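> So the protein sequences, as listed, match chains A and B. FYI, my numbering numbers position 175 of the first sequence as 561, with every residue one higher than the one before it. FYI, my numbering numbers position 128 of the second sequence as 259, with every residue one higher than the one before it.
If you're looking for bench data, these hints aren't it; they were derived computationally from the structure. Model, not experiment: these values are computed from the prediction. In this text, a Cβ means the ideal position worked out from N, Cα and C, and glycines have one as well. Each hint should be verified, as a subset may be incorrect.
Claimed, not checked - Covered stretches of chain A, as calculated for chain B (at least 3 residues, CB under 8 Å):
1) 674-683
2) 694-706
Claimed, not checked - From chain A, some residues computed to sit far from chain B (all C-beta separations above 12 Å):
3) Gly489
4) Glu631
5) Glu643
6) Thr659
7) Ile726
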Amino acid sequence: MRHTRTVATIVIGLALIGAGCGEREQTDTPETLRLIAHESFAAEVDETTFAPFTDETGIEVEVIASDDAGTLVNQAVLSKDNPLADVLFGVDDTFLSRALDEGIFTAYESAHIETVDPDLAHPESMVTPIDYGDVCFNYDKEWFAESGLAVPDSLDQLTDEAYAGLVTVEHPATSSPGLAFMLATIDTFGEERWLDWWSEMKAAGIDIAPDWDTAYYGEFTRYGGPSPIVMSYASSPPAEVIFAEEPLDEAPTGVIEAGCYRQVEYAGILEGTPYPESAGQLIDFMLSVAFQEGIPLTWFVYPANADAQLPPEFVEHTTIPDHPTRMPSERIAENRDEWIDQWVAVMEG
Amino acid sequence: MRRRVRWGWVAMAAIPTLFIGYFFVYPLVRILALGLSELSIGTDGVESRLLRVGWFTVWQAVVSTILTFIAAAPLTWAVSRYEFPGRRLAMGLVTVPFVLPTVVVGTAFVALGWQESIGAILAAHVFFNVAVVVRTVSTLWSRIDPRLLDAARVLGASETEVFRRVTLPLLRPALAAAGSIVLLFTFTSFGVVLILGGYQYATLEVEIYRQAVDLFDLPLAAALAIVQLVGVSAALWWYSRYQERTAVAWTLERGSNRMRPARRTRVGVAVAVIGTLAVLGIPLGVLVGRSLSGPFYRALLTDDRVVGDPLAAVGNSLRFAVVAMAVATVVGLLAATVIASRKGRVSRWFDLTLMLPLGTSAVTIGFGFILALDRPVDLRASVWLVPIAHALVAVPFVVRTTVPTLRAIPEETRQAAAVLGAGPFRVWREIDLPIVSRAALVGAGFAFVISLGEFGATSFIARPNSTTIPTMIFRLLSRPGEVSFGMAMALSVGLAVITAAVVMAIDRARIGELGTF
Numbered sequence: 387m388r389h390t391r392t393v394a395t396i397v398i399g400l401a402l403i404g405a406g407c408g409e410r411e412q413t414d415t416p417e418t419l420r421l422i423a424h425e426s427f428a429a430e431v432d433e434t435t436f437a438p439f440t441d442e443t444g445i446e447v448e449v450i451a452s453d454d455a456g457t458l459v460n461q462a463v464l465s466k467d468n469p470l471a472d473v474l475f476g477v478d479d480t481f482l483s484r485a486l487d488e489g490i491f492t493a494y495e496s497a498h499i500e501t502v503d504p505d506l507a508h509p510e511s512m513v514t515p516i517d518y519g520d521v522c523f524n525y526d527k528e529w530f531a532e533s534g535l536a537v538p539d540s541l542d543q544l545t546d547e548a549y550a551g552l553v554t555v556e557h558p559a560t561s562s563p564g565l566a567f568m569l570a571t572i573d574t575f576g577e578e579r580w581l582d583w584w585s586e587m588k589a590a591g592i593d594i595a596p597d598w599d600t601a602y603y604g605e606f607t608r609y610g611g612p613s614p615i616v617m618s619y620a621s622s623p624p625a626e627v628i629f630a631e632e633p634l635d636e637a638p639t640g641v642i643e644a645g646c647y648r649q650v651e652y653a654g655i656l657e658g659t660p661y662p663e664s665a666g667q668l669i670d671f672m673l674s675v676a677f678q679e680g681i682p683l684t685w686f687v688y689p690a691n692a693d694a695q696l697p698p699e700f701v702e703h704t705t706i707p708d709h710p711t712r713m714p715s716e717r718i719a720e721n722r723d724e725w726i727d728q729w730v731a732v733m734e735g
Numbered sequence: 132m133r134r135r136v137r138w139g140w141v142a143m144a145a146i147p148t149l150f151i152g153y154f155f156v157y158p159l160v161r162i163l164a165l166g167l168s169e170l171s172i173g174t175d176g177v178e179s180r181l182l183r184v185g186w187f188t189v190w191q192a193v194v195s196t197i198l199t200f201i202a203a204a205p206l207t208w209a210v211s212r213y214e215f216p217g218r219r220l221a222m223g224l225v226t227v228p229f230v231l232p233t234v235v236v237g238t239a240f241v242a243l244g245w246q247e248s249i250g251a252i253l254a255a256h257v258f259f260n261v262a263v264v265v266r267t268v269s270t271l272w273s274r275i276d277p278r279l280l281d282a283a284r285v286l287g288a289s290e291t292e293v294f295r296r297v298t299l300p301l302l303r304p305a306l307a308a309a310g311s312i313v314l315l316f317t318f319t320s321f322g323v324v325l326i327l328g329g330y331q332y333a334t335l336e337v338e339i340y341r342q343a344v345d346l347f348d349l350p351l352a353a354a355l356a357i358v359q360l361v362g363v364s365a366a367l368w369w370y371s372r373y374q375e376r377t378a379v380a381w382t383l384e385r386g387s388n389r390m391r392p393a394r395r396t397r398v399g400v401a402v403a404v405i406g407t408l409a410v411l412g413i414p415l416g417v418l419v420g421r422s423l424s425g426p427f428y429r430a431l432l433t434d435d436r437v438v439g440d441p442l443a444a445v446g447n448s449l450r451f452a453v454v455a456m457a458v459a460t461v462v463g464l465l466a467a468t469v470i471a472s473r474k475g476r477v478s479r480w481f482d483l484t485l486m487l488p489l490g491t492s493a494v495t496i497g498f499g500f501i502l503a504l505d506r507p508v509d510l511r512a513s514v515w516l517v518p519i520a521h522a523l524v525a526v527p528f529v530v531r532t533t534v535p536t537l538r539a540i541p542e543e544t545r546q547a548a549a550v551l552g553a554g555p556f557r558v559w560r561e562i563d564l565p566i567v568s569r570a571a572l573v574g575a576g577f578a579f580v581i582s583l584g585e586f587g588a589t590s591f592i593a594r595p596n597s598t599t600i601p602t603m604i605f606r607l608l609s610r611p612g613e614v615s616f617g618m619a620m621a622l623s624v625g626l627a628v629i630t631a632a633v634v635m636a637i638d639r640a641r642i643g644e645l646g647t648f
């Protein structure tokens with residue numbers, strides 16, 4: 387029995403240590419704000435990321451890591467009655483309408499919102515755009531130079547005989563860029579014609595990869611695969627330059643502007659936080675020029691604040707598409723499952 | 132006397148019961164109750180897909196398990212029966228696939244051109260799980276009393292007959308243990324199926340994720356989770372009855388009884404060991420080759436401008452692994468002692484419940500944590516949840532590796548000790564512990580590498596931000612560029628080396644006669 391008691395004491399002791407960091411004083415300005423974000427964001431946060439915010443306000447920022455954007459929103463919905471954090475970052479258009487329907491956010495208009503392209507902003511300020519990224523076809527420059535084939539500049543052109551078997555995209559049900567590109571084709575061709583394009587591509591031997599890593603590092607000619615055209619991001623060519631083994635003057639890959647889809651990531655104050663004002667300050671900080679200028683080289687997406695300067699690699703080695711496709715969150719939420727079913731019926735039927 | 136013994140068991144059962152109750156049963160009940168409260172009967176249009184998914188889940192798990200046994204047989208035989216130079220190294224190497232992140236193995240398989248087919252899924256399942264069979268079975272096999280075999284030979288049995296009528300029946304509990312673990316692992320396969328199978332080959336696990344996370348259909352996800360639980364429970368119920376029925380008490384040797392192979396069998400042993408490692412080594416060779424195509428190991432020693440310091444990730448991973456191993460070993464060993472000593476319904480349910488986390492979808496458990504663990508203390512985003520989730524998956528390994536050994540201790544030995552005046556704890560410490568320590572070490576080793584490999588158990592847990600080896604590999608692989616890819620491969624090889632080293636160290640460790648645990 388004595389053994390049991392000792393063990394029980396240890397277990398409870400450990401639990402209390404673990405819980406200790408969760409308990410907070412009920413004052414207007416907290417010592418710590420909690421920011422819950424998807425893994426891709428959280429993994430890149432270090433002690434310097436929010437140091438300027440802490441210096442200015444005296445508030446520490448504790449980052450809680452979730453998995454992908456879908457898991458993140460689900461966790462926020464499930465903990466609605468007793469929020470896990472004060473601020474959530476990383477919800478995109480795919481999951482935004484679900485989050486808004488569940489009422490997990492409280493409205494906040496950032497002091498820096500006028501620096502943001504009105505197209506990106508939410509009309510009722512329920513969430514604040516922090517960054518955006520364009521999902522675009524990338525092509526292998528060396529492969530095209532050697533083959534003499536022209537780089538295609540429209541989606542229709544990809545159905546030509548000449549490009550048969552040269553294209554890899556991700557699956558819309560298992561991959562975020564895959565879903566983005568499916569939405570791009572719906573936006574480009576309309577609900578009447580989009581499946582026709584896909585069935586022509588199927589006939590032309592388009593390759594479907596389950597996720598981005600497999601498409602890029604498995605199927606792309608640059609990494610020894612068979613496809614010189616893969617669905618990736620507009621920021622991939624600058625990343626190729628920055629993470630090259632030998633310094634490069636020019637990006638080895640390029641972006642095809644046709645069929646690009648713009649993904650916007652938002653931050654929001656979680657309903658029920660005891661510190662809505664401080665939470666607002668944190669969102670302002672994330673939209674400030676100082677934080678925004680660090681975004682491209684850390685997360686490889688573009689700053690929402692138009693005053694933020696892009697690093698030279700992002701200016702020289704890629705293009706921001708002029709007219710990327712986009713789709714309202716409600717329309718995605720309403721139709722997504724059905725579209726995927728239709729897509730699967732055509733591509734795997 | 133009798134009363135005291137019983138209280139001892141209650142005390143022993145309390146810790147595993149509290150652990151599994153608070154960190155598994157309660158969150159599971161909360162999330163399923165929430166899902167089912169919103170369930171409307173008649174989710175039309177989904178049935179045919181779900182039936183297909185359910186059928187695929189079952190048959191691929193059964194076939195994967197059978198194939199894993201076939202693939203593991205030669206090596207298991209060699210390392211159990213024979214002592215040869217490099218035996219520990221072989222045991223270390225065979226564990227490496229078990230710990231590698233699915234996404235890394237996925238890229239290796241894709242590079243070899245094995246993808247989007249059932250063959251690739253089955254091959255990957257075998258690749259990951261061979262270690263489970265080799266390690267679980269050889270623990271018991273190497274300690275079969277050679278006099279039993281000699282007796283059979285003296286009575287005129289041929290070598291085949293000795294194997295079939297003596298060795299095999301004695302091994303049955305270990306075979307069943309390994310089989311149940313591999314079956315559960317493949318039944319709930321997620322990453323492998325997603326990467327190598329594509330959308331058309333979804334398991335229940337994949338479908339639960341899709342319904343819950345992507346489509347926000349929590350009711351349907353909950354219903355599927357219940358189907359998954361029922362399937363897993365049925366298999367486990369049958370298994371635990373089987374194991375109880377077939378367990379034979381026989382004297383286990385404290386040490387192993389491996390012998391030097393005779394000249395004639397030396398070739399067989401060499402072929403079994405080298406052949407198995409060579410086949411498992413093909414995907415690993417791809418990783419090593421790619422990791423060496425640039426100065427990527429040097430890059431691991433410096434602080435990457437984006438993903439941070441890889442060495443810090445190694446430190447985090449090791450810390451989590453030590454805690455997870457400690458928790459899983461204590462909980463698992465106590466539970467195994469209770470299970471092995473009590474036959475009947477209660478013990479069977481207890482055993483089954485402890486095994487369930489291995490057969491429950493990670494999404495279900497992760498979301499259950501969010502609902503359930505905010506009171507009395509808010510553990511929802513606590514740093515302790517990560518090793519606890521790892522331990523939940525690891526406890527079944529400790530239980531499964533130790534129960535067959537514990538069951539094999541004849542009750543008379545314990546009674547003799549009791550007659551001589553030993554209390555229940557003294558009996559456990561002086562009889563059970565020394566005999567079971569070898570098997571417990573194997574279980575502890577699994578717990579350690581399970582934690583190192585993450586296994587997706589933590590994906591759906593909100594957790595403080597700390598980078599581990601698998602999450603860093605995942606981050607590197609989701610970023611374009613030669614250096615990103617090379618570093619991911621180099622870090623994977625690093626993970627493989629750490630795994631092999633840890634496993635070899637554990638195999639070498641000797642637990643003293645008593646007390647030093």
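> Hints first: check each against the structure and report whether it holds.
Hint check:
no.: 1; hint: 674-683; result: violated (count 1)
no.: 2; hint: 694-706; result: violated (count 0)
no.: 3; hint: Gly489; result: holds, 14 Å
no.: 4; hint: Glu631; result: violated, 5 Å
no.: 5; hint: Glu643; result: holds, 18 Å
no.: 6; hint: Thr659; result: holds, 14 Å
no.: 7; hint: Ile726; result: violated, 9 Å
When each numbered hint is compared with the structure, violations occur for hints 1, 2, 4 and 7.
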